[in-house]
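K.L.:
Full structure from sequences and hints, please.
Chains as they are written, first to last, in numbering that gives the first Met the number 0: chain V, 0 to 393; chain P, 0 to 260.
Hint data in this document are derived by calculation from the structure and do not stem from the laboratory. Beta carbons are placed, not taken as given, at the ideal position from N, Cα and C, and that holds for glycine. Don't take every hint at face value.
Said to hold, decoys possible - PhoX-like, lysine-lysine: derived pairs with alpha carbons at most 25 Å apart:
{"id": "1", "chain 1": "V", "residue 1": "Lys32", "chain 2": "V", "residue 2": "Lys263"}
{"id": "2", "chain 1": "V", "residue 1": "Lys1", "chain 2": "P", "residue 2": "Lys185"}
{"id": "3", "chain 1": "V", "residue 1": "Lys32", "chain 2": "V", "residue 2": "Lys97"}
{"id": "4", "chain 1": "P", "residue 1": "Lys233", "chain 2": "P", "residue 2": "Lys77"}
{"id": "5", "chain 1": "P", "residue 1": "Lys185", "chain 2": "P", "residue 2": "Lys259"}
{"id": "6", "chain 1": "P", "residue 1": "Lys132", "chain 2": "V", "residue 2": "Lys1"}
{"id": "7", "chain 1": "V", "residue 1": "Lys2", "chain 2": "P", "residue 2": "Lys185"}
{"id": "8", "chain 1": "P", "residue 1": "Lys160", "chain 2": "V", "residue 2": "Lys2"}
{"id": "9", "chain 1": "V", "residue 1": "Lys97", "chain 2": "V", "residue 2": "Lys203"}
{"id": "10", "chain 1": "V", "residue 1": "Lys245", "chain 2": "V", "residue 2": "Lys210"}
What the hints assert, rightly or not - Heads up, incomplete: computed chain V residues facing chain P, CB under 7 Å, no partners named:
{"id": "11", "residue": "Arg7"}
{"id": "12", "residue": "Gly10"}
{"id": "13", "residue": "Tyr12"}
{"id": "14", "residue": "Glu15"}
{"id": "15", "residue": "Met171"}
{"id": "16", "residue": "Gly289"}
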Amino acid sequence: MKKGRFGRYGGQYIPETLMNAVQELETAYEYYKNNDEFTTELADLLKNYAGRPSLLYYADHMTRDLGGARVYLKREDLNHTGSHKINNVLGQVLLAKKMGKTRVIAETGAGQHGVATATAAALMGLECEIFMGKEDTERQALNVYRMELLGARVHPVTSGTMTLKDAVNETMREWVSRIDDTHYVLGSVMGPHPFPMIVRDFQKIISQEIKQQLISETGRLPDAILACVGGGSNAIGSFFDFIDDKSVRLIGCEAAGHGVDTEKNAATIANGSVGVFHGMKSYFCQDEYGQIAPVYSISAGLDYPGIGPEHANLHDVGRAEYVPITDDEAVAAFEYLSRVEGIIPAIESSHAIAYAMKLAPQMNQDQIMVITLSGRGDKDVAAIARYRGRKLYE
Amino acid sequence: MNKKSRISEAFAGRKAFVAFLTGGDPDVETTEKLIPVMAEAGADVIEIGIPFSDPVAEGPVIQAADERALSAGCTTDKLFDMVARVRDKTSVPLLFMTYLNPIFTYGAERFFQRCSETGIDGVIVPDMPFEEKSEIASSCSKFGVELVSLIAPTSRDRIRKIAAEAEGFIYCVSSLGVTGVRSEIKSDVTSMIEQVRAVTDVPCAVGFGVSRPEHAEQLGAVADGVIVGSAIVKIIAENGHESALPVSDFIRSMRAALDKN
Chain V
0 MKKGRFGRYG GQYIPETLMN AVQELETAYE YYKNNDEFTT ELADLLKNYA
50 GRPSLLYYAD HMTRDLGGAR VYLKREDLNH TGSHKINNVL GQVLLAKKMG
100 KTRVIAETGA GQHGVATATA AALMGLECEI FMGKEDTERQ ALNVYRMELL
150 GARVHPVTSG TMTLKDAVNE TMREWVSRID DTHYVLGSVM GPHPFPMIVR
200 DFQKIISQEI KQQLISETGR LPDAILACVG GGSNAIGSFF DFIDDKSVRL
250 IGCEAAGHGV DTEKNAATIA NGSVGVFHGM KSYFCQDEYG QIAPVYSISA
300 GLDYPGIGPE HANLHDVGRA EYVPITDDEA VAAFEYLSRV EGIIPAIESS
350 HAIAYAMKLA PQMNQDQIMV ITLSGRGDKD VAAIARYRGR KLYE
Chain P
0 MNKKSRISEA FAGRKAFVAF LTGGDPDVET TEKLIPVMAE AGADVIEIGI
50 PFSDPVAEGP VIQAADERAL SAGCTTDKLF DMVARVRDKT SVPLLFMTYL
100 NPIFTYGAER FFQRCSETGI DGVIVPDMPF EEKSEIASSC SKFGVELVSL
150 IAPTSRDRIR KIAAEAEGFI YCVSSLGVTG VRSEIKSDVT SMIEQVRAVT
200 DVPCAVGFGV SRPEHAEQLG AVADGVIVGS AIVKIIAENG HESALPVSDF
250 IRSMRAALDK N
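P.N.:
Spelled out as structure tokens, the structure:
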């Protein structure tokens, strides 16, 4: 496979101004990923700061209630800052520091990646600026304050649809303006090479832990792994170590908003076509002239018109399946897991729970399903209350 | 290309003034009317921006123009039709400035065939660096459309390889950041151009932030041409359908400053 490519997907479609910066990043990453001091420091941060390994929890009530596969939850929601985002951020911010950068910038959708970046920047003493769509700053007001509390500056983005896609645009514009001292901490397995590779490498710990924990508990591999997909970082992290284990079904759950047949959705694999955007060749929701479509999901973290290039390839070669989940289904799953297991999942992760509720009953009782619970749902409680007609504000 | 292209001829006589406008802003008719006016006022090359939903290399002025054009219903096909009509009125070299996705989804072969049929001389793709140009390079050369390369203040050791394969002219990005009016141009354009000169005689035009007659005069002394975008787009934003006169006045003033060299 060509460098920086997953099949035909990936690449480096960025302005010339950034080319030396991404090549320097690649060189630095290739060096530090095998550097003992770096890997030891990162392992220490993951264990003693983020709280890894995260639990693999057997969801007994859910298993019995659904009456099919044995259901396990990979508890990324229990990490420090409340989601899987910290895995990538600790790696990238440490790398930025080793590269001599003094400032990090990042986009954020739901605010989970922004909070994680602000946290790592506070810990490692770097200046931090976060770009967040204005609509998302309103949907996730608590996370904005959280980032400010951690010492970051939050810029509400008012261009375009004022959501995650526009936050990425604005962070790229900022990076082009100030490169020397600044690293762009991309939050998902997207953007130009080497980002999809770097972010996947920092997230693959999820699948490595699942494999080890499940084998030590049950002596076997799972039959299916489910994760939600926006850009796709928790999904690729959950899939990666199982890609060669062909018996394991890999299932990504996309945000279908009001439904894949409506105008209001963000189901990239279901509705998208191949294009080139945000530095990569992949699938995007777009019109016949290549204008990127305004997408919609109740979940700010999945409200993105593209998907990471490695997922595009896993889809094309048939190794992973991608299924659409509507807002209604995700909200029902949010409430279900809260009630049945006493765990409030992020609305993003609830998309994976929703598909598990459909799939588990169709599987045998001796089969095993693992769902990655990518984040905790505290940030979503007020929004879900409003969705149910309760006038609750943070 | 053996035959001297229309773009290289535009750089042959004098310092070239390259003028940009967003296609379809505020509507396609206005763009069609402005192109011959701009050529008449002294633009040697005209870049037509194909409006894009997410123009990551643009500052606020051109972003807003793209939004206006798209809301008014501008499409790639409408711009091709406009170019075909305008070709009867002017022989000024015309380039499309577009992100890669509109070309990719149109189909590179089909896109450049339409360019050649309608009279587009070249293309500038700001999100397609040297390493990715195989995406469109063969279609460009098959249909005789010149692919303009960009170099930036951060390009350093990359300048030589980019320049060695350059066609039409080389777009020298004056400074870091996105497009848009700057009060002064600080970066060391001279050394970028010297590095280009070591490998090719393809002309160099400087853009990003060029907006005042003194910029044109100052940069004209070191480069083969200047590129002006946001300053023109701003005039169009302020004057809409009545932009012909103010745009023409502005280009004349820039032209006069450039000609002091």
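K.L.:
Quickly compare the C-alpha distance for Lys245/V and Lys210/V to 25 Å and report which way the hint goes.
P.N.:
Answer holds: Lys245/V to Lys210/V is near 14 Å, not above 25 Å.
K.L.:
Is the interface hint for Arg7/V satisfied, with its Cβ closer than 7 Å to some Cβ of chain P?
P.N.:
violated (11 Å)
K.L.:
Are the Cα positions of Lys32/V and Lys263/V separated by 25 Å at most?
P.N.:
violated (41 Å)
K.L.:
Would the hint linking Lys32/V and Lys97/V be met if the CA-CA limit is 25 Å?
P.N.:
Answer holds: Lys32/V to Lys97/V is near 12 Å, not above 25 Å.
K.L.:
If you draw a straight line from the CA of Lys185/P to the CA of Lys259/P, is it 25 Å or shorter?
P.N.:
The hint holds at about 21 Å.
K.L.:
Verify the interface restraint on Tyr12/V: the C-beta must sit less than 7 Å from at least one C-beta of chain P.
P.N.:
Since the shortest Cβ distance to chain P is 5 Å, the answer is holds.
K.L.:
Straight-line Cα separation of Lys2/V and Lys185/P no greater than 25 Å?
P.N.:
violated (36 Å)
K.L.:
Against chain P, is Met171/V within 7 Å by beta-carbon distance?
P.N.:
holds (5 Å)
K.L.:
Lys160/P and Lys2/V: Cα distance at most 25 Å?
P.N.:
holds (19 Å)
K.L.:
Against the 25 Å threshold, does the CA-CA distance of Lys132/P and Lys1/V hold or violate the hint?
P.N.:
holds (15 Å)
K.L.:
If you take the shortest Cβ to Cβ gap from Glu15/V to chain P, is it below 7 Å?
P.N.:
Holds - the Cβ of Glu15/V comes within 7 Å of chain P, reaching about 5 Å at its closest.
K.L.:
Are Lys1/V and Lys185/P close enough, with their CA atoms no more than 25 Å apart?
P.N.:
violated (39 Å)
Figure legend: structure checked against the earlier numbered hints; hints not met, in rising order: 1, 2, 7 and 11.
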